[in-house]
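J.: Letter by letter, the chains look like this.
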Amino acid sequence: MSREDLDTLFEAPPIAEQERMVEAILFATSEPLKATALAARLPHGCDVMHALASLQKRYQGRGVHLLRSGDEWAFRTAADLSFLMQKETVETRKLSRAAIETLAIIAYHQPVTRAEIEEIRGVSVSRGTIDLLMELEWIRLGRRRQTPGRPVTFTTTQAFLAHFGLETARDLPDLKELRAAGLLDNRPLPGTPDEREPVENDTDDMFE
Amino acid sequence: MSREDLDTLFEAPPIAEQERMVEAILFATSEPLKATALAARLPHGCDVMHALASLQKRYQGRGVHLLRSGDEWAFRTAADLSFLMQKETVETRKLSRAAIETLAIIAYHQPVTRAEIEEIRGVSVSRGTIDLLMELEWIRLGRRRQTPGRPVTFTTTQAFLAHFGLETARDLPDLKELRAAGLLDNRPLPGTPDEREPVENDTDDMFE
Amino acid sequence: MPDDFLIRDRQERIAAEALVVDVDGYEGPLDVLLTLSRTQKVDLRRISILQLAEQYLHFVEAAKRLRIELAADYLVMAAWLAFLKSRLLLPPDPEEEGPSGEELAAHLAFQLERLEGMRKAAAKLMARDQLGREFFGRGEPEDVSLKRRVVYDASLVDLMRAYAGVKTKDDFEPLHLKRGAFYTMEQALERMKGLIGTVLEWSDLEDYLPEAWRLDPKKRRSATAATFAASLELVKEGALELRQADTFGRIEVKRRTTSDPLS
Numbered sequence: 018m019s020r021e022d023l024d025t026l027f028e029a030p031p032i033a034e035q036e037r038m039v040e041a042i043l044f045a046t047s048e049p050l051k052a053t054a055l056a057a058r059l060p061h062g063c064d065v066m067h068a069l070a071s072l073q074k075r076y077q078g079r080g081v082h083l084l085r086s087g088d089e090w091a092f093r094t095a096a097d098l099s100f101l102m103q104k105e106t107v108e109t110r111k112l113s114r115a116a117i118e119t120l121a122i123i124a125y126h127q128p129v130t131r132a133e134i135e136e137i138r139g140v141s142v143s144r145g146t147i148d149l150l151m152e153l154e155w156i157r158l159g160r161r162r163q164t165p166g167r168p169v170t171f172t173t174t175q176a177f178l179a180h181f182g183l184e185t186a187r188d189l190p191d192l193k194e195l196r197a198a199g200l201l202d203n204r205p206l207p208g209t210p211d212e213r214e215p216v217e218n219d220t221d222d223m224f225e
Numbered sequence: 018m019s020r021e022d023l024d025t026l027f028e029a030p031p032i033a034e035q036e037r038m039v040e041a042i043l044f045a046t047s048e049p050l051k052a053t054a055l056a057a058r059l060p061h062g063c064d065v066m067h068a069l070a071s072l073q074k075r076y077q078g079r080g081v082h083l084l085r086s087g088d089e090w091a092f093r094t095a096a097d098l099s100f101l102m103q104k105e106t107v108e109t110r111k112l113s114r115a116a117i118e119t120l121a122i123i124a125y126h127q128p129v130t131r132a133e134i135e136e137i138r139g140v141s142v143s144r145g146t147i148d149l150l151m152e153l154e155w156i157r158l159g160r161r162r163q164t165p166g167r168p169v170t171f172t173t174t175q176a177f178l179a180h181f182g183l184e185t186a187r188d189l190p191d192l193k194e195l196r197a198a199g200l201l202d203n204r205p206l207p208g209t210p211d212e213r214e215p216v217e218n219d220t221d222d223m224f225e
Numbered sequence: 038m039p040d041d042f043l044i045r046d047r048q049e050r051i052a053a054e055a056l057v058v059d060v061d062g063y064e065g066p067l068d069v070l071l072t073l074s075r076t077q078k079v080d081l082r083r084i085s086i087l088q089l090a091e092q093y094l095h096f097v098e099a100a101k102r103l104r105i106e107l108a109a110d111y112l113v114m115a116a117w118l119a120f121l122k123s124r125l126l127l128p129p130d131p132e133e134e135g136p137s138g139e140e141l142a143a144h145l146a147f148q149l150e151r152l153e154g155m156r157k158a159a160a161k162l163m164a165r166d167q168l169g170r171e172f173f174g175r176g177e178p179e180d181v182s183l184k185r186r187v188v189y190d191a192s193l194v195d196l197m198r199a200y201a202g203v204k205t206k207d208d209f210e211p212l213h214l215k216r217g218a219f220y221t222m223e224q225a226l227e228r229m230k231g232l233i234g235t236v237l238e239w240s241d242l243e244d245y246l247p248e249a250w251r252l253d254p255k256k257r258r259s260a261t262a263a264t265f266a267a268s269l270e271l272v273k274e275g276a277l278e279l280r281q282a283d284t285f286g287r288i289e290v291k292r293r294t295t296s297d298p299l300s
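Protein chains in written order, with our numbering: chain X, 18 to 225; chain V, 18 to 225; chain Y, 38 to 300.
Treat the hints as calculated values from the structure; they're not laboratory data. From a predicted model like this one, the values you see are computed outputs, not experimental measurements. By construction, the Cβ of each residue, glycine as well, lies at the ideal position given by its N, Cα and C atoms. Any given hint could turn out to be false.
[As the list claims (entries may be wrong)] Computed spacing ranges between beta-carbons, pair by pair:
1. V:E184 / Y:E132: 50 to 58 Å
2. V:P60 / X:P31: 38 to 46 Å
3. V:Q73 / Y:Q167: 15 to 23 Å
4. Y:E106 / V:T53: 54 to 62 Å
5. V:E184 / Y:R75: 31 to 39 Å
6. Y:R82 / V:T106: 39 to 47 Å
7. V:P205 / Y:A119: 21 to 29 Å
8. V:K193 / Y:R75: 23 to 31 Å
9. V:A197 / Y:A119: 31 to 39 Å
10. Y:S137 / V:A197: 20 to 28 Å
[Unchecked claim] Straight line, CA to CA, 25 Å or less: simulated SDA-like cross-link-like pairs of lysine to any residue:
11. V:K74 / Y:G176
12. Y:K161 / V:Q103
13. V:K74 / V:E34
Same shape as in the complex, but just chain X:
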């Protein structure tokens, strides 16, 4: 019996069914498959290329795409969703004193240049501190100061406001209010543990 006879003897499944079959095989297989390998696993008479093409179309715009590389086929995450394939482990760290002070100065004096920050802090500001605050997206570059040297200025961002629960940077309490809140007096000496912890908790409530 010739091949043609066989073809008419065993009718191939309808194309929709072939597509389901290709879908299931490609889903379950542990490696990309050649069309010929697929064909070998399908019932006699199936049109693999046709099934692949229509399956590929079906997955267009979906979260998963049917990709061809060379003559091999495989399901792959849509490139624009690859960020979902990352699992983040989160580690919480306290900001360094230099960073929080720099951030505070920027918040209160924005727009402010690096030299001005250094002047207020009385120590130089390291590149890393600025970089970290930029990375956190709590500060960004403002307009250049229209003075000789046109130094860059720093301002705080929307993300900064969101993180600290502020509507605007103007809502930051001024020195007088800080003093009233007890934050200006009894400043602990550097390097000694802060004994005013309970006060901090009290204050926290006001801002949450």
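Dock chains V and Y against the given chain X, drawing on the hints supplied.
T.: Relative to the frame of chain X, chains V and Y by itself:
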């Protein structure tokens, strides 16, 4: 800032996009994922259950289905295409009659103590049988029974549901019939005290 | 043959053989009873427990005669069934405590029905489509890459306290002469010389104060004076022009160009 404010501040992606994201994540894993785990990987404000439901509908009749077992979700190939999958079939150790019966008793009577399993089978349960079922991760320890001796109980797992393609333990075959026939009742030998009495409510935990 | 009376027909012989196997396979007396009950060919709910008890006792007898070692629980069951049989046959003794023979028989029937129910359910469970047998998971899962993210934690109070700390720092500093608060004319001249090339338009002298000398009033005053003195010096050299619109007005500077006639 309240949760509601945040919700309006960061708008969730459109539902079609949420569906794509869930599709991509579930497609990329071979293990079932809890809806909560999915939600944790999606942008803020996504409605995971909605996305899952519409995704499940989308894959109806396809070569791959979205199956739910307990509160876990996974894509699985359609069972009617198993004939194409010889290559994927993993040769599993054939379970002994004792193991199969013990598994069924745990599934239908959970949470159930070892003594109760033995009473139903009329023979002692070997350590190896329980160990094997634990190893397969089909059963696990449940709460201790609040009766003298505080015996441990056994229940089935999400992996059990996933393996047998069950959405919940309520979907066990013939569960209704067995219950209607009173065969799942705890009926002690006449003249002996029923030690389970105080915690009868426990019995139906898995099914309600 | 002494055992002939046990084996009445072929089916029963097969059942008996199965029993022997089951004893070896250690499926227990309840299993034996369930197997025996099938020979009654009735619904388990209408089974004759008396007849079943007799069948079981015969089975144990036969096993003994065949020198098959029976485990203790088979013998315990035999003793219990013998007791049950006597309860069922004798009229109930009103003096006697405890459950009646009927109650015990009903319970045994329940146990058999329950075991059979579990066996059927187990069979149905195993006949279900199973993962890795009929349906399959993703064969080539894509790796989820692990990314470690550091979250920096700072509260508004931390921020304000840091600012308060910075602003009150001076109060806590030990007393020392702050020589740094004086900006010399030499410094100013150096700086102005470097900058005048860019000053093509009139612009405020104050804009040329060094960055770090603008905020503190003392430092600002020193820097302003030095910068002004340096500007005068540069005017004298013909490099710079200087003007002030009115008294205490802004002092403005501009580079002097050759095309620009001296005013």
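J.: Indicate, hint by hint, whether the structure satisfies it.
T.: Here is what the structure says about each hint:
Taking the beta carbon of each, V:E184 and Y:E132 are about 56 Å apart, inside 50 to 58 Å as hinted. A hinted range of 38 to 46 Å holds for the C-beta pair V:P60 and X:P31, which are about 40 Å apart. Checked against the hint of 15 to 23 Å, the C-beta distance between V:Q73 and Y:Q167 comes to roughly 21 Å, which is consistent with it. At roughly 56 Å, the beta-carbon separation of Y:E106 and V:T53 lies within the given 54 to 62 Å, and the hint holds.
Separation of V:E184 from Y:R75 is about 35 Å and conforms to the stated range, judged on CB atoms against 31 to 39 Å. At roughly 41 Å, the beta-carbon separation of Y:R82 and V:T106 lies within the given 39 to 47 Å, and the hint holds. Between V:P205 and Y:A119 the Cβ separation comes to about 22 Å, which falls inside the hinted range of 21 to 29 Å. Restraint check, V:K193 to Y:R75: a C-beta distance of roughly 25 Å satisfies the suggested window 23 to 31 Å.
For the pair V:A197 and Y:A119, the supplied restraint of 31 to 39 Å holds, since their beta-carbon distance comes to about 35 Å. As the Cβ distance of Y:S137 to V:A197 is approximately 27 Å, the hint placing it in 20 to 28 Å holds. Restraint check for V:K74 and Y:G176: satisfied, since their Cα atoms lie roughly 23 Å apart, inside the 25 Å limit. For the hint linking Y:K161 to V:Q103, the alpha-carbon distance of about 23 Å falls within 25 Å, and the restraint holds.
Straight-line distance between C-alpha atoms of V:K74 and V:E34 comes to about 16 Å, which keeps the hinted pair within the 25 Å bound.
Hint compliance for this structure: every hint is met.
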